[in-house]
Amino acid sequence: MTVSQALIEFLAHQYTVDGDVRQRTIAGTFGIFGHGNVAGIGQALKQLSVDDPTLMPYHQARNEQGMVHESVAFARMRRRRSTFACTASVGPGATNMLTGAALATINRLPVLLLPSDTFATRVADPVLQQLELPHDASISVNDAFKPLSRFFDRVQRPEQLFSAAIGALRVLTDPVETGAVTLCLPEDVQAQALDVPVEFLADREWRIRRPRPDRGVIDQVVRAIREAKRPMIVAGGGVIYSDAAAALAAFALHTGIPVGTSQAGVGSLVWDHPQSLGAVGATGTTAANRIARDADLIIGIGTRYSDFTTGSRTAFQHPGVRFVNINVASFDAIKHGAAIAVVADAREALLELTEGLDRYRVDAEFADRIRLEKAEWNAVVDEAVTPSGRPLPAQSEIIGAVQHAADPRDVVVCAAGSLPGDLHKLWRVRDELGYHVEYGFSCMGYEIAGGIGVRRAAPDRDAIVMVGDGSYLMMHTEIVSAVAEGVKVIIVLVQNHGYASIGHLSDTVGSQRYGTQYRFRDTAHNNFETDATLPIDLAANAASLGISVIRVEPGPDAIADLAAAVARAKASVTATLIHVNSDPLLFSPDTESWWDVPVAEVSVLDSTTQARRDYVAQRENQRPYLGS
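Going by the UniProt record's numbering, the sequence shown opens with residue 1, and the numbers climb by one from there.
In short, the hints are calculated from the structure, not lab data.
Just so it is clear, the structure is predicted and the values come from calculations on it, not from any experiment.
Each residue gets a CB set at the ideal place from its N, CA and C atoms; glycine is no exception.
Some clues are possibly wrong.
[Said to hold, decoys possible] Ranges between beta-carbon positions, derived for each pair: (1) H135 - S49: 39 to 45 Å; (2) R215 - A617: 44 to 50 Å; (3) E553 - A617: 41 to 47 Å; (4) P624 - S544: 38 to 44 Å; (5) R613 - S544: 44 to 50 Å; (6) D358 - L201: 40 to 46 Å; (7) R215 - L253: 22 to 28 Å; (8) G19 - S388: 20 to 26 Å.
Using the sequences and the hints given, assemble the complete structure.
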């Protein structure tokens, strides 16, 4: 067999086992072909499509970054048990996957990248699209994957394939190590032949490790919780990946300990659970942030504590606050100088903690405060999502309309701009997999590809992609992929003629929304602020790609029309894009939190000078890594 034929057939026989669940580790292969892989991986996939069309499903993409995003979204919906392989050609085809690689690794989500490389033999050196560095002839553009990958190898000789492939699968299926896995395949090696052992092509099972916590450490955590007056849980994506949502719900109900969630952790507790305070941190609810501010014990479960989750280290203000971190990765378990680091699977740890805290419950005064804060925030959300009748609605009203029309098991998909922050605090999640916001990398352009990946992973759920015009323009071409394969996604495109999130942030740092609006360039003043708004028609653009389009016209009935459009899209069997206009200057409710974005120390702009004063005042609330 050729190296490519052997690799593709090997991937087709890999299975992930997680308890009673057994799934294909590599569900299929995405590929955009060029001279670097058309005779290698491309030929292998074509040959299989003739010999056995079901063995390795092949899917097209319109952008190499997009196919990585789609694979990552699929993996997240499958709780990291299954993903795709992505093949690209030499040079720009390979480097187009770099952003996707970074996103996968940062979010701890598996994806297998197969970038083509230049000739290992150097027989035609230099080939088209080859990087040439006079000081190091061994470097190619694929070396850029090294800092972005959890595993990296380059198959320079055919016989290296066996160890490289098995090493790659080990990392893909390891909950601690997983992320982007990169196997570089020189274009000549891809097509070279070798004798392949039968056992390399046999079915192989990879069992996901679910390590139990050390008994002594659990005893320490039990004591810390019993001694605390105001404990709080911060739940991250690890709760969902370890299938621990039911265990968390039972633990929180049993103990009365309140739960705030990171972006990745939304869904670990449904919104109306008595102990659910919703989002915590810079885009959090006042309920979660007020309880977090006074908590004397923070129990982090499956979270990596991004600066949004911690309010840039301002969220936890109790002078004696301690951190207990439960995480399958020791790297994350020790964060914030954890008083107790529990290196274990989230579900296994929660089950043992529930047993150890028999007859424990938070005191009545704390329980009353939790109920009051939750009720107060719920009232704030009710008001924020109520239709105002304005011709251009607020984004919070748009979210409310989509929520009203969605079913409990639908999945809302988002990644960048102002929408993730508003969804984090306003979306009332009703299913543990119903919220899919990529916020580890917050990558513009993820949304549509991610929505397709979600739908592939869960064809019995509607994927509702919410995307702003800025992110849409970054990568909307995967709409063509959805149309080509009949993948039903619902895209709600919010048009506000600019970068709403960064526009607002620009205001807060004193830069007056410079460079964030979609207008004609004012050459005399060197800006895009004073000339006319661009006459772009994104609904027409989407329609030209073959998707069904519903326009929601501005007016007093815009929100009712939007809800009806979502219902119509749900009833359809094909992909639909709904275009709606919003007012970017109508903001969602305040979170009583902060995010550290530096402000210029000196400026001739009064707006920047005032912003610097505010910034310095806010930094007084930041806690150091250790101490107080």
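How the hints compare with the structure:
Taking 39 to 45 Å as the suggested C-beta distance range, the pair H135 and S49 conforms, at roughly 43 Å. A C-beta distance of roughly 47 Å is found between R215 and A617, which places it inside the suggested range of 44 to 50 Å. A beta carbon spacing of about 44 Å between E553 and A617 agrees with the range 41 to 47 Å that was offered as a hint. The hinted range of 38 to 44 Å is not satisfied by P624 and S544, whose Cβ atoms lie roughly 54 Å apart.
About 49 Å separates the C-beta atoms of R613 and S544, a value consistent with the hinted range of 44 to 50 Å. Restraint check, D358 to L201: a C-beta distance of roughly 51 Å breaks the suggested window 40 to 46 Å. Our hint of 22 to 28 Å for R215 and L253 holds, since their Cβ atoms are close to 24 Å apart. At about 48 Å, the CB distance of G19 to S388 disagrees with the hint of 20 to 26 Å.
Checked against the numbered hints given earlier, this structure breaks hints 4, 6, 8; the rest are met.
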